[in-house]
Amino acid sequence: MSARSRTLALHGAVVAAILALHFILPDYHHGILARTMVLAVYAMAYNVMFGYTGLLSLGHALFFAAGMYGMGLSSIHLGFSPGPAIVCGVAAAFAVSLIVGILALRTSGVALMIVTLMFAQAGWYLVLYFGEYTRGDEGFVIPRAARMLAGFDLADASNRYIAALVLFAFGLVVTLKAVESRFGRVLVAIRENEERARMLGYDVFRYKLGAVVLSGTLSGLAGACYGILFGYVGATFASVQYSILPLLWVLLGGASTVLGPFVGTYFMTYLIDISSAYTTAYMLVAGVVLVVLTLFARQGIMGEVRRRLIPWLP
Amino acid sequence: MDFGPYLVLAVLEGSVQAAVLALTAVGLSLVFGVMRVVNVAHGEFFMLGAVAAWAIAQSFAGHPAVGFIAALVFAPLLVGLIATGADMVILKRLGYDPENTIVATIGMLYIIQQLTLMTYGPDARPVPPPFNTRLSIPWFEWGDGGLALVWPWGLSTTSYKLAVIAAAAVILVALWLAISRTRAGLIMRATQQDREMAQAFGMPVAWVNALVFGLGAGLAALAAVLIVPIQQAHYLMGEEPLLLSFIVVIIGGLGSLAGTVAAAILIGMSDGIISVFFSPTLAKILSTLLVAMVLVFRPQGLFGHPPR
Amino acid sequence: MAAVNLLATKGLTRTFGGLVAVDRVDFAVPRGQVRALIGPNGAGKTTLVGMLCGRIAATSGAITFDGRDITELPAHRRIAMGMAYTFQVTSIFARLSLRENVALAVRRCGRLDERQVERKVAEALSRVRLTEPADQMAGDLSYGHQRLLEIAMGIAQEPQLLILDEPTQGLADSEIEGFNALIRSMAGATTIVLIEHNMDVVMETADYITVLNFGEILAEGKPQAIRADAAVQAAYLGSA
Ligand SMILES: Nc1ncnc2c1ncn2[C@@H]1O[C@H](COP(=O)(O)OP(=O)(O)O)[C@@H](O)[C@H]1O
Ligand SMILES: [Mg+2]
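Residue numbers (numbering that gives the first Met the number 0), protein chains in the order written: chain A, 0 to 313; chain B, 0 to 307; chain C, 0 to 239.
The following block holds chain A by itself, in its conformation from the complex (with noise of 0.2 Å):
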């Protein structure tokens, strides 16, 4: 089997396998995978710029919330509908990571991680400070007449896990094609050593660049879509956790694998659950988890997977 038709066939299964779950699984379990599956599609968006091009953005929350915020302002204040509010969650989106792109990519390392840290802040307060648009911390609900897209009612759960199932495979695609493709191989060759890159004659800066905008663009699909699917948008999307959960889902499922970012969100999310069921503080996992891999596993569950069992996972 070719290198081509292998990774096409494992993934092309790991959508069937979720395909059929929908059939199979409970309520409970139903939901926690639709909502993974959209949050994944977000930890795939880091992982481009974390796992592949080694920048480490601290936030990356700033790009969901454009993403979500561009859907439900213009559908709640401007009436549009999913199909043009999504569109312009993500053009948002787009033109945010745009600039922050080429202001933050002046700098590197801690400065970067500051840099992005400090205008996801801003975004933060933005959207507290114009609190009579977007209801500041308390939100607004996207009301169940403008969730309506294509005919497909996206309150109902059933139609939820689909749309949510087409988006994770959207960004499946647009992940894997990017790592194979020559754009993304220079990515790595900036991860691995940026002075080479640019000395075979790459303009490090636009591929890093080209990495910031696909990365904050895909997180906003994912910040858009999340909203309308789950019919609600808050400033807690646009806070700081949001900019550290990705880190952690792509550091737990293992940066630099095309799956790891699923594998990570869904096992965190579980986590997260179970233990919000026992404690207010459920958040006290996010941390032990943060420490425990950055002490003992920093390749993640999949790069384990990759380095003791299949050595051709992309």
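These are calculated hints, taken from the structure and not from any lab test. All residues carry an ideal CB built from backbone N, CA and C; glycine is no exception. Heads up, a few of these hints could be off.
[What the hints assert, rightly or not] Label pairs and their in silico Cβ distance ranges:
| # | chain 1 | residue 1 | chain 2 | residue 2 | range |
| --- | --- | --- | --- | --- | --- |
| 1 | B | L281 | C | A56 | 56 to 62 Å |
| 2 | C | P132 | A | E179 | 20 to 26 Å |
| 3 | C | G177 | A | V86 | 55 to 61 Å |
| 4 | B | L161 | A | L77 | 27 to 33 Å |
| 5 | A | L18 | B | L235 | 38 to 44 Å |
| 6 | B | W175 | C | V19 | 55 to 61 Å |
| 7 | A | D272 | B | L235 | 19 to 25 Å |
| 8 | C | S125 | A | F182 | 25 to 31 Å |
| 9 | B | L161 | A | V86 | 54 to 60 Å |
[As the list claims (entries may be wrong)] Result set (EDC-like, lysine to aspartate or glutamate): computed pairs, CA atoms no more than 20 Å apart in a straight line:
| # | chain 1 | residue 1 | chain 2 | residue 2 |
| --- | --- | --- | --- | --- |
| 10 | C | K119 | C | D134 |
| 11 | A | K176 | C | E113 |
| 12 | C | K119 | C | E99 |
| 13 | A | K176 | C | D206 |
| 14 | C | K9 | C | D68 |
| 15 | C | K9 | C | D22 |
| 16 | C | K221 | C | D206 |
| 17 | C | K119 | C | E157 |
| 18 | A | K176 | C | E99 |
[Claimed, not checked] Listed next, the stretches of chain A that the computed footprint assigns to chain C, with coverage defined by at least 3 CB atoms under 8 Å from CB atoms of chain C:
| # | segment |
| --- | --- |
| 19 | 175 to 186 |
| 20 | 196 to 208 |
Here the structure of chain A is known, so what remains is to put chains B and C with the ligands in place on it, guided by the hints.
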């Protein structure tokens, strides 16, 4: 109130903020300067200081001053010890790799914050100030008979607030003396300048790291003990000082103590003043954007010198 | 009409603080020549070629390449114009395969399909006589073979001007012979600037030699003339 008295009040409130912020930020700056570690859990050490102050003050009966003084001594020590332990167990094992340590301190942030929530709970609790006399402030006004002294209603401060400003100044001066005049300070500065060289000269770099991390956390805790009679202790209170300290340390120039203090005064005062006249949220938007721009266009900080 | 010189500098200077690493250097290389750049350690050779390829910004002076002033161009634009640079301190993609290392160099120049890329990769690896399997990690190669890989990346770019900074350091004698043969086979078609300490290699490969000392050009000439030059010998002996 007229504009003038209002401004005086804003400056006073700003000075209290600036004093506490300077202490907290100097702790963060020290850790970054000597260890090259960006400690995202710094705000949680501040919060731990406040909560420990409440717990200690709580356990002393009698005059509030007794409990407060005990808190002033023991809360920073306790927090410093915890931080030292965290350095030895976690950061040291990561070899102080910049990205890994940031991720690990994010983890520490959640661990400390959530453990506090589980034990101390979600309530905000006050610590009584050791003394708290209200002091009215006079103002001048043009009356019929020329310049006259008036006592506008609401223009006042407390003896405790003034004491906080004085205490912070004393602590900062003492810290500066310790760093510039003692042997321990010399070792710290040597490590800051050139860690490999310091190691080669047989300086106990591992201990310097552990102690500096403890000292940085202890300073944050000390700042929190000072502020907790004015602001109550709460498990989420670390977020704001963390953000402000970051802003201050970056604007002041990473690792520069004098720059950090200058920036703390600038930010603390302007935050106080802007918040009186405008929305505090707007002030935060502007200062976070300012920090981002400083890092992008002037990474040595507003007060720092460009690298050779 | 194309100029005789592919590369020329005018008053090229670089200072580090108070230290003048390269001092008003006028340096010209005709097309097709193999030019050796020699001089004691710290003479400013790496800094000079660093300015040529844009890795290090010039403090003052001008550089023309292929008839164009490139002083202000960023490194990647100069490389795109047909320069290639190999580092003195080996700089490869240690966690990528040999194949991918060279492929990254090949893909930069022109739209090739993956089959053509694969062919050029194999060709470059065999020209430097690297016989390890192409899917081996570059970081697992011996130091000398990492140097060979670095050279392979340089020639895979098919540059007009190839800059090699101490390429034979760490190579075995037999590998040095192979290197000499490689350079001779490229001479004429590719212009080469070669920083080299091994005088046997210089004598074997260079058409012309420039000697740098304390940031200034001390002497220039044919290999035989330079070998006989007393000032050059003094510079070497004096610094030893
Ligand atoms: N980045 C730098 N900062 C300060 N000094 C440097 C730097 N790079 C090189 N130098 C100094 O410039 C001089 C020339 O160095 P270099 O060009 O590496 O010499 P060569 O390659 O001939 O051995 C040396 O004295 C070296 O110490
Ligand atoms: Mg050199």
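Comparing the hints with the structure gives:
no., hint, result
1, B/L281 / C/A56: 56 to 62 Å, "violated, 40 Å"
2, C/P132 / A/E179: 20 to 26 Å, "holds, 22 Å"
3, C/G177 / A/V86: 55 to 61 Å, "holds, 59 Å"
4, B/L161 / A/L77: 27 to 33 Å, "violated, 53 Å"
5, A/L18 / B/L235: 38 to 44 Å, "holds, 41 Å"
6, B/W175 / C/V19: 55 to 61 Å, "violated, 39 Å"
7, A/D272 / B/L235: 19 to 25 Å, "holds, 22 Å"
8, C/S125 / A/F182: 25 to 31 Å, "holds, 28 Å"
9, B/L161 / A/V86: 54 to 60 Å, "holds, 58 Å"
10, C/K119 / C/D134, "holds, 15 Å"
11, A/K176 / C/E113, "holds, 15 Å"
12, C/K119 / C/E99, "holds, 12 Å"
13, A/K176 / C/D206, "violated, 48 Å"
14, C/K9 / C/D68, "holds, 11 Å"
15, C/K9 / C/D22, "holds, 11 Å"
16, C/K221 / C/D206, "holds, 7 Å"
17, C/K119 / C/E157, "holds, 10 Å"
18, A/K176 / C/E99, "holds, 18 Å"
19, 175 to 186, "holds (count 3)"
20, 196 to 208, "holds (count 8)"
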